[in-house]
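One line per chain: the protein sequences are S and V, in this order.
Under my numbering, the first residue of the first sequence is numbered 16, with each subsequent residue one higher.
Under my numbering, the first residue of the second sequence is numbered 16, with each subsequent residue one higher.
A hint or two may mislead.
You can't tell identical chains apart in this list, so a pair holds if it fits in one copy or across any two.
What the hints assert, rightly or not - No farther apart than 20 Å at their CA atoms in a straight line, the calculated lysine to any residue pairs in the SDA-like style are these:
id	residue 1	residue 2
1	Lys119	Pro79
2	Lys329	Gly36
3	Lys161	Asp229
4	Lys167	Lys282
5	Lys282	Met310
6	Lys330	Asp357
7	Lys282	His81
8	Lys298	Asp229
9	Lys119	Ala150
10	Lys331	His90
11	Lys343	Arg237
12	Lys329	Val355
13	Lys88	Gln327
14	Lys347	Gln281
15	Lys347	Arg96
16	Lys58	Lys286
17	Lys98	Gly235
18	Lys33	Ser204
19	Lys331	Glu271
20	Lys347	Asn280
21	Lys298	Gly194
22	Lys298	Ala252
No wet-lab data here; the hints were simulated from the structure.
2 protein chains.
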Amino acid sequence: MASFSSRLNFVSQWPSPKKFGDDVLLIYDRIFDRHPKVASWVKQFPIRYAVKSGEDLKSLQSFPVHMNTILQKTHHLSARRLKIVVLGGGSVGDFGGFVASVYKRGVELIHIPSTWLSAMDSAHGGKTALNARGAKNQVGTFYPAKEVYLVKPLLLAQPAERGFEALGELIKMALLAGGPLYRKLNAVSTLNAGTLWQLLPLVIREKYKIVQKDPEEKKGLRHLLNFGHTMGHVFEAHYGLPHGVAVLAGLQFAMEWSYQKGFMNQKDYLKLMQAKFWQKAVKAKQQSAWKNLSMLALLSEKPQSFVRYLEQDKKKTSSQDLRFVFLKNPGKPVIAEVKVQDFLPEIARQQSFWG
Amino acid sequence: MASFSSRLNFVSQWPSPKKFGDDVLLIYDRIFDRHPKVASWVKQFPIRYAVKSGEDLKSLQSFPVHMNTILQKTHHLSARRLKIVVLGGGSVGDFGGFVASVYKRGVELIHIPSTWLSAMDSAHGGKTALNARGAKNQVGTFYPAKEVYLVKPLLLAQPAERGFEALGELIKMALLAGGPLYRKLNAVSTLNAGTLWQLLPLVIREKYKIVQKDPEEKKGLRHLLNFGHTMGHVFEAHYGLPHGVAVLAGLQFAMEWSYQKGFMNQKDYLKLMQAKFWQKAVKAKQQSAWKNLSMLALLSEKPQSFVRYLEQDKKKTSSQDLRFVFLKNPGKPVIAEVKVQDFLPEIARQQSFWG
Numbered sequence: 016m017a018s019f020s021s022r023l024n025f026v027s028q029w030p031s032p033k034k035f036g037d038d039v040l041l042i043y044d045r046i047f048d049r050h051p052k053v054a055s056w057v058k059q060f061p062i063r064y065a066v067k068s069g070e071d072l073k074s075l076q077s078f079p080v081h082m083n084t085i086l087q088k089t090h091h092l093s094a095r096r097l098k099i100v101v102l103g104g105g106s107v108g109d110f111g112g113f114v115a116s117v118y119k120r121g122v123e124l125i126h127i128p129s130t131w132l133s134a135m136d137s138a139h140g141g142k143t144a145l146n147a148r149g150a151k152n153q154v155g156t157f158y159p160a161k162e163v164y165l166v167k168p169l170l171l172a173q174p175a176e177r178g179f180e181a182l183g184e185l186i187k188m189a190l191l192a193g194g195p196l197y198r199k200l201n202a203v204s205t206l207n208a209g210t211l212w213q214l215l216p217l218v219i220r221e222k223y224k225i226v227q228k229d230p231e232e233k234k235g236l237r238h239l240l241n242f243g244h245t246m247g248h249v250f251e252a253h254y255g256l257p258h259g260v261a262v263l264a265g266l267q268f269a270m271e272w273s274y275q276k277g278f279m280n281q282k283d284y285l286k287l288m289q290a291k292f293w294q295k296a297v298k299a300k301q302q303s304a305w306k307n308l309s310m311l312a313l314l315s316e317k318p319q320s321f322v323r324y325l326e327q328d329k330k331k332t333s334s335q336d337l338r339f340v341f342l343k344n345p346g347k348p349v350i351a352e353v354k355v356q357d358f359l360p361e362i363a364r365q366q367s368f369w370g
Numbered sequence: 016m017a018s019f020s021s022r023l024n025f026v027s028q029w030p031s032p033k034k035f036g037d038d039v040l041l042i043y044d045r046i047f048d049r050h051p052k053v054a055s056w057v058k059q060f061p062i063r064y065a066v067k068s069g070e071d072l073k074s075l076q077s078f079p080v081h082m083n084t085i086l087q088k089t090h091h092l093s094a095r096r097l098k099i100v101v102l103g104g105g106s107v108g109d110f111g112g113f114v115a116s117v118y119k120r121g122v123e124l125i126h127i128p129s130t131w132l133s134a135m136d137s138a139h140g141g142k143t144a145l146n147a148r149g150a151k152n153q154v155g156t157f158y159p160a161k162e163v164y165l166v167k168p169l170l171l172a173q174p175a176e177r178g179f180e181a182l183g184e185l186i187k188m189a190l191l192a193g194g195p196l197y198r199k200l201n202a203v204s205t206l207n208a209g210t211l212w213q214l215l216p217l218v219i220r221e222k223y224k225i226v227q228k229d230p231e232e233k234k235g236l237r238h239l240l241n242f243g244h245t246m247g248h249v250f251e252a253h254y255g256l257p258h259g260v261a262v263l264a265g266l267q268f269a270m271e272w273s274y275q276k277g278f279m280n281q282k283d284y285l286k287l288m289q290a291k292f293w294q295k296a297v298k299a300k301q302q303s304a305w306k307n308l309s310m311l312a313l314l315s316e317k318p319q320s321f322v323r324y325l326e327q328d329k330k331k332t333s334s335q336d337l338r339f340v341f342l343k344n345p346g347k348p349v350i351a352e353v354k355v356q357d358f359l360p361e362i363a364r365q366q367s368f369w370g
């Protein structure tokens, strides 16, 4: 098992494929075959495996077919020296990371995340995953990449929309961490690709700080990264929202509940609600495809209809209750046990609050 | 990642299934349904998954079907608390260990090896594996069991034949380790179930000593455990011999070559050839189904016909050559790089030596 901290390379140019040596397999999102600049880089890898991104890629059912093809393509290489380079967003990273982790008991993994969300979050911390029986991430490993390349021209080439979809994880990390990241998030003039690139090193560093204290979620500390995710997962599953957008709403829910539960005092609450980053996030939302999305709309269902998603989340914990991340103030999260039934009055209360 | 040293429990009675808690899945060799004593123990596990042992169980192709069934059987349990108890020999252990390692990114694994070979070797050190494309162990993880139970009545109930098939790994460990294990192996009156049980704790301890220095085979130290295995794998693949029997022959080949190459001096060589454990191993062989097996018979093919197996082995290393474990004397192994072509004259020489 490598260290849980991957070596980070923030680069303004594509790394030369030669630097990965002769025994390399590139697993990449086939969408890049249509992007001439990326495609010409991809073609420098003699052995490559193109995949279609999305949750279907992560299906356990089709894993043997993928794996057999990958073994066949690489059978003449030394398993000891083999490096697997994975170019893509979250689903490609989850899949490629899992392949690297089980290929002859594990080969060197190098991530090149191609979306803001994967660059900030999923490429770091070693979670790999496949889906099974219609449920996400039922099968997987903890297998951190040896190196992660953050390639400026790749990330900046994304549609602006992808930037908005990453705000949930960005704001989550800033609220969990407080300090320099939180200050910098408030200080940037606007939230766009340029400022996301500036914030990226700090966001990643804060994630590693938490991951390293509890790499395999044995102590409950890594659970802090679930801030905003409990209701975020509910919104994601129920409405089919992109992960980052759902988490943004989940964060709002969690902050509001933190105040109601008394974890956050009124002064801190008011300060947070008026913080500059919120205004910028709201502005970014208004310029995105999600401009009509509101907490009121998300909470317009009967509270009871969210219960089954919450029950699902509960099974991931070792206790009888859900472990919910509350916030005292930026940099001071608190984990508390909450019963699924406790959500119902809070959802009802927030329905009228946001209404 | 747990420590690579599993907690060992040498017990003279079956452990109570209750001690594993409520969230437990038993994966077991279905052959035990026909053994009333074991079957009554098995039936105390409310959730269990019976498998047919053998290499087919380890097929990557059928893994999704197994895994989906296992997820379905356990979906109501807490993934955080889940323990997977695996009762069986090598193939069941390799499979069950892999399942535990990827079940929601890893749950607690408990091995109860049911054969001498798995009790001495494969249940320890964390190697899990599936087969793919007709080749063994192409997919797998390093995932040590939290605990291993060595259950005396289970191991002693095996046919005597299984004891003989474990001698290869036992003698290998004694030659690698030297010291107390080597002396004790020479001192026991005979090699039977009773003395195997006596030797078991020492054999396992010596394996962990090597594994802990290089748990994931990154430094080449763990490669020492391959002593006798290079030609052993050739014999196993070419003649379909049981692993332990093939390793026994592989050890003879390696010791003979060690002397020829000058790693072992004549005095040590003669002493080793006359060591008491050899006489006991020969006696055990004469009483086994393998009494007619000889090095001469194994080496009766054209040396060239073994090349493809050796080429296969070579790909596992990071160098251009094969890494072969030689012996100076008991407790003093030496790893040296050998070209595949170097085997041909040595095989030819041993053909006439054993003839």
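Which numbered hints does this structure break? Failing hints, ascending: 4, 5, 7, 8, 15, 16, 18, 19, 21, 22.
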